[in-house]
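Peer 1: Residue-level listing of the chains:
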Amino acid sequence: MTAGVDSTPVPIVEPELDDLVRVHLAGLLRYATVLTGDGHTAADLVQEVLLRAHVRWHRIALMARPDLYLRRMVTNEHLSWRRRWHVRTIRPAADEVLAAHADSHGDHAHGVVEEDAMWGHLERLPPRQRTVLVLRYYEGLSDAEIAEVLGTSPATVRSHASRALATLRDTDLSTRTEKR
Amino acid sequence: MSPHDDELVARITRALHSRDADQPDPAVVAARLQQALAHTPEATVTTLVRRGAKVAAAGAVISALAVGGAGAAAAANPYSGVARVVEEVAQTVGVEWSAMPDGYTREQYEAFWDAGYTIDDAWALADLWHLDITATKAQAGQLLLDGQAPPVAPGATGQEEVLVDVDQERYDAFWEAGYTVEDLEALEELWHTGPAETKARAGQLILDGEPLPLD
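Chains L and Z supply the protein sequences, listed in that same order.
For the first sequence, the positions run 1 to 180 when this note's numbering is used.
For the second sequence, the positions run 181 to 395 when this note's numbering is used.
Hints may be right or wrong, so weigh each one.
Here are some, though not all, of the chain Z residues that point toward chain L, as calculated from beta-carbon distances under 10 Å [to be verified]:
id: 1; residue: ARG194
id: 2; residue: PRO204
id: 3; residue: ILE299
id: 4; residue: ASP352
id: 5; residue: GLY358
id: 6; residue: GLU362
Derived list of chain Z stretches under chain L, where covered just means 3 residues or more per stretch with a C-beta under 8 Å from a C-beta of chain L [to be verified]:
id: 7; segment: 186-193
id: 8; segment: 207-214
Please keep in mind that the hints were generated in silico from the structure rather than gathered at the bench.
Here the structure is a predicted model, which means the values were calculated and not measured.
We treat Cβ as the ideally placed atom computed from N, Cα and C, and that holds for glycine.
With the sequences and hints as input, model every part of the structure.
Peer 2: Spelled out as structure tokens, the structure:
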């Protein structure tokens with residue numbers, strides 16, 4: 001492997017790749033990690049997306065918001081992979097695991113347990129509802145921007161968010177009631 | 181929004197942020213991009229990137245890190261320092277950005293990617309072995325280290341990769357024509373197809389100037 005290790009400076013013949021990596025890579029990895037819940041999957045996913053985006057970057061860069069387009073690619077890839085992934089993946093019984101954590105840890109872990117419990121609730125949401133929450137509350141996007149990422153309307157985004165919050169509110173209340 | 185909803189949103193936000201610490205190191209992923217660009221002559225990139233330019237393109241990935249850094253995560257991790265990435269490109273691919281999963285070593289990781297496998301090859305193996313993607317890469321990497329050949333050759337799914345890229349053009353045609361997720365779901369129901377196939381089929385119709393069977 002000698003690529004990039006030459007003693008002579010490497011000419012940046014493809015500024016689009018430079019832009020992709022410098023401007024977008026770190027943000028996409030953060031988004032993909034929270035979207036998938038797993039850093040290794042996020043790395044694979046973003047790598048795949050950027051390889052494709054690189055080929056078409058001259059077109060993507062002309063868009064008003066290439067950042068949103070890249071998030072759309074990541075989101076679509078995630079939803080596509082998720083279908084395959086879930087065929088094979090047996091998920092642990094999160095509640096039991098969390099209960100065990102709650103029993104074995106002191107106050108220090110209380111916040112972590114709460115976050116894990118909420119994460120478990122988020123994981124069980126329908127994928128698009130969950131994606132809307134990630135884009136809204138993690139990425140801080142407006143409903144119009146989320147609509148652009150998902151290729152839908154702001155009204156549909158609000159509907160997804162509203163249903164997701166209702167589910168979480170109900171789940172949260174029942175979980176808390178059970179604990180009392 | 182009620183105070184209870186405010187609290188709920190705050191807890192959702194905290195839960196989401198609790199996972200961002202797991203993010204991979206951008207420098208490692210940039211190095212993997214380089215690896216993929218340099219190792220996949222039949223993959224997507226070759227359609228538009230000349231082989232000769234690919235090496236320079238790979239260099240540009242690294243130069244981007246050198247010029248601008250890839251964000252705080254890379255800067256905060258001295259192990260992923262730019263100098264190391266530039267000087268030890270091959271070694272950097274596969275470097276841990278966090279604890280590697282149990283049973284998955286850096287040697288396996290490097291053996292797998294260095295053999296020229298693509299992510300689609302990995303998925304093909306995963307489907308064959310009924311393993312998750314990480315365990316698949318570990319198993320394939322170990323076979324390579326043991327001098328055996330995994331049942332899918334490096335780049336064997338390369339043709340599929342090109343087709344995927346063709347599909348991407350169709351996906352773009354679908355979304356850029358202004359269709360929505362609801363439209364997609366309606367077509368899925370009509371055609372009894374999954375979302376990817378539906379988008380590809382609908383996108384091709386759009387590219388061909390044909391109407392979609394929607395109200």
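Peer 1: So, for every hint listed, does it hold in this structure?
Peer 2: Status of the hints after comparison with the structure:
Hint on ARG194 (chain Z) holds. Least Cβ distance to chain L is approximately 6 Å, under the 10 Å limit. For PRO204 (chain Z), the shortest C-beta to C-beta distance to chain L is roughly 4 Å, which falls under 10 Å, so the interface hint holds. Proximity of ILE299 (chain Z) to chain L holds as hinted, the smallest CB-CB distance being about 5 Å (cut-off 10 Å). Interface hint at ASP352 (chain Z): satisfied, since its Cβ lies 8 Å from the closest Cβ of chain L, which is below the 10 Å cut-off.
Interface hint status for GLY358 (chain Z): upheld, as the beta-carbon distance to the closest one in chain L is roughly 9 Å, under 10 Å. Here the hint on GLU362 (chain Z) is kept, as its CB sits about 7 Å from the closest CB of chain L, short of 10 Å. Check result for the segment 186-193 of chain Z against chain L: holds, 5 residues qualifying (beta carbon to beta carbon below 8 Å, three or more required). For the segment 207-214 of chain Z, the stated coverage by chain L holds: 6 residues have a C-beta nearer than 8 Å to a C-beta of that chain, and at least 3 were required.
Going through the hint list in order, the structure satisfies each hint without exception.
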